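Protein chains in written order, with this note's numbering: chain A, 1 to 332; chain B, 1001 to 1332; chain C, 2001 to 2215; chain D, 3001 to 3215.
If you're looking for bench data, these hints aren't it; they were derived computationally from the structure.
If you're wondering where the values come from, they're calculated on a predicted model, not measured in any experiment.
No residue lacks a Cβ here, since even glycine has one placed at the ideal position from N, Cα and C.
The reader is advised that the hints may include incorrect statements.
[Claimed, not checked] Here chain D is said to cover these stretches of chain B; the calculated rule only asks that three of the stretch's residues, wherever they fall, bring their Cβ under 8 Å from a Cβ of chain D:
(1) 1109-1121
(2) 1188-1201
(3) 1210-1222
(4) 1292-1298
[As the list claims (entries may be wrong)] Stretch-level coverage of chain A by chain B, calculated; a stretch enters the list once three of its residues show a Cβ under 8 Å from a Cβ in chain B:
(5) 1-13
(6) 18-27
(7) 50-58
(8) 224-233
(9) 299-311
These are the residues of each chain, in order.
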Amino acid sequence: MKKLINNPEHVVEEMLEGMVAAFPGYVRKLEGFNVIVRADAPVKGKVGLVSGGGSGHEPSHAGFVGRGMLDAGVAGAVFTSPTPDQIFEAVKAVDGGAGVLLIIKNYTGDVMNFEMAGEMAEMEGIKVAKVVVNDDVAVENSTYTTGRRGIAGTVFVHKIAGAKAQAGGTLDEVKAVAEKVIANVRSMGMALTPCVVPAAGKPTFTLGEDEMEIGMGIHGEPGTMRTKIMKADEIVEHLMSKILTDIPFKPGDEVAVMINGLGATPIMEQFIMYNKVSKILKEHDIKVHRTYIGEFMTSLEMAGASITLLKLDEELKKLLDAPADTPAFRQF
Amino acid sequence: MKKLINNPEHVVEEMLEGMVAAFPGYVRKLEGFNVIVRADAPVKGKVGLVSGGGSGHEPSHAGFVGRGMLDAGVAGAVFTSPTPDQIFEAVKAVDGGAGVLLIIKNYTGDVMNFEMAGEMAEMEGIKVAKVVVNDDVAVENSTYTTGRRGIAGTVFVHKIAGAKAQAGGTLDEVKAVAEKVIANVRSMGMALTPCVVPAAGKPTFTLGEDEMEIGMGIHGEPGTMRTKIMKADEIVEHLMSKILTDIPFKPGDEVAVMINGLGATPIMEQFIMYNKVSKILKEHDIKVHRTYIGEFMTSLEMAGASITLLKLDEELKKLLDAPADTPAFRQF
Amino acid sequence: MATDAAGLVKILEKVAEKISENREFLTELDSAIGDADHGINMSKGFSAVVEKLHSQKIDDCGAILKTVGMTLVSTVGGASGPLYGTAFMKAGQAVAGKSSLDFQDFVTILEQALEGIKYRGKAQRGEKTIVDSLEPAVDILKDEKDSGDKGLVMEKALNAAKEGVEYTRSIIAKKGRASYLGERSIGHQDPGATSCYLMLQAAIEKIKEMSVNGL
Amino acid sequence: MATDAAGLVKILEKVAEKISENREFLTELDSAIGDADHGINMSKGFSAVVEKLHSQKIDDCGAILKTVGMTLVSTVGGASGPLYGTAFMKAGQAVAGKSSLDFQDFVTILEQALEGIKYRGKAQRGEKTIVDSLEPAVDILKDEKDSGDKGLVMEKALNAAKEGVEYTRSIIAKKGRASYLGERSIGHQDPGATSCYLMLQAAIEKIKEMSVNGL
Ligand SMILES: Nc1ncnc2c1ncn2[C@@H]1O[C@H](COP(=O)(O)OP(=O)(O)O)[C@@H](O)[C@H]1O
Ligand SMILES: Nc1ncnc2c1ncn2[C@@H]1O[C@H](COP(=O)(O)OP(=O)(O)O)[C@@H](O)[C@H]1O
Ligand SMILES: [Mg+2]
Ligand SMILES: [Mg+2]
Ligand SMILES: [Mg+2]
Ligand SMILES: [Mg+2]
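Please build the complete structure, drawing on both the sequences and the hints.
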């Protein structure tokens, strides 16, 4: 295990401390909890946005805490959803009187822990609403099962719901727009290498020297297909064909695109992928309104990337374009 | 070689195409050249800033092209400095009548190629000045040799000279402030793994499963020390002791800090490193004015990181704080 | 006739010990169809439980179970934290105020634990979850709670739980992280069903060992 | 008595061939003390040179050399691009307008090439660079340019270059990427000095093969 760490047990605490030390103007940490909140939380009269999940997905979620995005990011152990008491503290800390929206990625653990936190908050008289993001088209959808996983598309929910809250939207309005994003966002990823959870010390899965995995999850959950490494263009074609046919996206649609590096994939390769994405969208007569390329929802040092498409209407465009200023997401 | 690419020979072109497709509002590519310039270049009356070097250091340099930073980034083959004709095209494209500053990292190849480009530009009557960045304290300095390498500290030169140019500074003034940054910036890095140049297909060096290299260069140049992997805090202590004693930095100094991931090192680990940096600076009574954490000057998919300290005065602080808006560096 | 609070703590210590012994095994199971942390999560939680129980002396058996539940909820995380946490909290509610527990209480506790897990996780039997080992055991306990040989009933319940664990090998996961695997989840034993069986096993062993007759 | 433009092109083709044959070898040398691209860079450059020379027929030997230099400058990159590029451009200037070259021109060309390299790279002998193989050869050529046996003079010059290459093993690099290694650069043969020797070798071989008497 080659990692720049001190002790596998302390990675989350040390990371959060480092983050607060680095960005005191943006964020602070709730004493005794692995919760990062806006430096000026609670913002009076504004709907508070709380997201979070297991650690190891940095800059998600604490990196998106700031003006125009989240009010709090709750950090669980690596790849383990945070506990309700932590989430509850976050809710209390960011409630400015207008209620709090919980943005949850669709994992059983996350859903249940956030739900319990919501129950605790309601017992204290805090208005809480929640949305569950499930953008990963690699997983078969079905109302009878857990459904799809939430992955990089979650960042668009943060951005757009964040803009709505910043603009003074009510809890119902912020929730409604978050759900609109969820209905219109689709992602899929692939990996060239696994990653190592510090406490486990060994890879979450193994891949041959010439193999890659398509459709795997951001915690190393097995994917839909394991094959020989393909060319970047072929990989992109495969991912895009799954994504495009899902909603489906139609000629004339406008979209935001995100290429999300999973941790070890160089920026060069992310741009090479986008080059192909852009060509495919042109062929399908789909217009790109905005592009995001970089690391947003990582999986420690996994090599690989995901593609996310968000179908936009005028409302979503306006909110996506709104400025945001956080440690890891800045837009004028 | 596990890479998301199509053809090792085309990585640079495809990456640049992808970048332009992703950020048409920010940048465009000079037809037939591997040169990225501001979408609105040349900016009339403003000093133009041209930087560049071998590819593989993304987001350097083209990612920093935009308002408040560079006017052009010239991309050579991977880890090979660009040729004078490419640089010359960049100079011509961004000259707004106030002259052009070349920001060069101190590698023999870069220096000579930029120099030749400068000569070509001057023959065409374009005023050109140049600065050479040499912030890597891992290399022994001496006026009789090539001197130190330029690494991540170069990004501070881009930022501050860029702000000065944006504010209407003359070529002499922009050059002077760039030189002030160079005199006050120091960096040092370390690697846990090598990287693979696509055209070569094999690692630039080899490291044992439990080994790391301290002081290596961003092209895989061997470092000052190869040891068993140490704890993050110990590594940071070593790097900081080299950096702090170099200028030297003194109690009461104000600095900007950059933690620069080399490609495969997760954001989590970058924050863990910064956590220690911040403690060491506190012990030394050195005040942190601003912190940058992320990937700025990478080495493909190398795992590792560098630390950069820039000693600030009032002028540098003001220019560092000025807004910048580029694909890879945004600051309000 | 029954166990007092100190006895309950001993039973819980035994459960914690069992989980800790099976830390690697449960993690191994989770690595096949989940994210390789079930043993890590659970033993972290039960270490905290033991520490908590030792740091304060509680006489109310209901309060003890509630403390266990709250500790699990706030230390385990993941899916199993809220599930087992809710289970213990609900069980605690049902025996609130009692300074000793008899066999009927034991049945109530497991019944309520099952209810808690189903409420929180919305899983049915056959979906490859904790429910698949716990429900068969609870069914037996409920059916035979008035039988004379309590020891035998407990044996039968434990056996049913074990069969439930085995059964999880043959089915597709429909809840939790393993459900992303679809058909590929078949052939693997469910980590949660297994940890639940192990906890039952430890509890029953300890109860017998203490020869608490009333139980 | 001399070679014409077509002969010069043939010599340059031979140089290109030699570089291409040694692509891996030069890269290997560079991987020990540099960044493992010298062979790649140089052969990329000389492929472009050959293509360029074939795409246009030039009669002026100076113009041919200038074209080579400009092509190298705009295709090689790194340190060797501007160095060899400047060398050929300077050499071209010195024989500008000539439609044929004799032995004295050959000496002038190498003399000017050396000047170009020193101007561009500011290296002295003993710094582990191209200069270490080129300068000894040029010194011999200059000293003995009026000798009767031109063939022997060329042999001696080539030998001096080879000794120069050997010599680079024993010294510390003070210029170029290898200089970052300090003492650890000792023991390794310099890639640039080597490529320069190989180019000289190819040129001289071809000159002899063409039995151009005047040369
Ligand atoms: N909805 C559910 N109801 C009951 N048990 C569940 C449910 N979802 C998951 N589980 C159980 O949780 C176990 C996994 O727990 P654990 O690994 O600790 O959590 P996570 O999946 O968050 O990593 C599964 O083996 C399964 O038995
Ligand atoms: N200043 C210099 N003068 C002469 N030759 C030099 C100088 N710097 C470097 N060289 C030569 O360049 C060679 C390396 O060339 P190359 O690998 O193509 O460039 P880079 O170092 O940029 O990768 C060295 O082996 C050395 O002989
Ligand atoms: Mg988990
Ligand atoms: Mg090179
Ligand atoms: Mg698990
Ligand atoms: Mg080289």
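Inset, instruction - Count the residues of the stretch 1292-1298 of chain B whose CB lies closer than 8 Å to any CB of chain D, then report whether that count reaches three. - result: violated (count 0)
Inset, instruction - Go check the stretch 1210-1222 of chain B versus chain D for me, would you? Three or more residues, Cβ under 8 Å, otherwise it fails. - result: holds (count 5)
Inset, instruction - State whether the coverage of the stretch 1109-1121 of chain B by chain D holds or is violated, taking the criterion as 3 or more residues with Cβ-Cβ distances under 8 Å. - result: holds (count 5)
Legend entry - 8 Å C-beta test of the stretch 18-27 of chain A against chain B, three or more residues: Holds: 5 residues of the stretch 18-27 of chain A have a Cβ under 8 Å from chain B.
Inset, instruction - Would you check chain B against the stretch 224-233 of chain A, counting CB to CB pairs closer than 8 Å, and say if three or more residues qualify? - result: It holds, with 4 qualifying residues against the three required.
Inset, instruction - Can you take a look at whether the stretch 50-58 of chain A is actually covered by chain B? Rule is 3+ residues, C-beta closer than 8 Å. - result: holds (count 3)
Legend entry - Check of the stretch 299-311 of chain A against chain B for coverage (Cβ-Cβ below 8 Å, three residues minimum): Since 5 is at least three, the answer is holds.
Inset, instruction - State whether the coverage of the stretch 1-13 of chain A by chain B holds or is violated, taking the criterion as 3 or more residues with Cβ-Cβ distances under 8 Å. - result: holds (count 7)
Legend entry - 8 Å C-beta criterion, at least three residues: is the stretch 1188-1201 of chain B covered by chain D: Answer holds; 3 residues pass the 8 Å Cβ test.
Hint 4 from the earlier list is the only one contradicted by this structure; the remaining hints agree with it.
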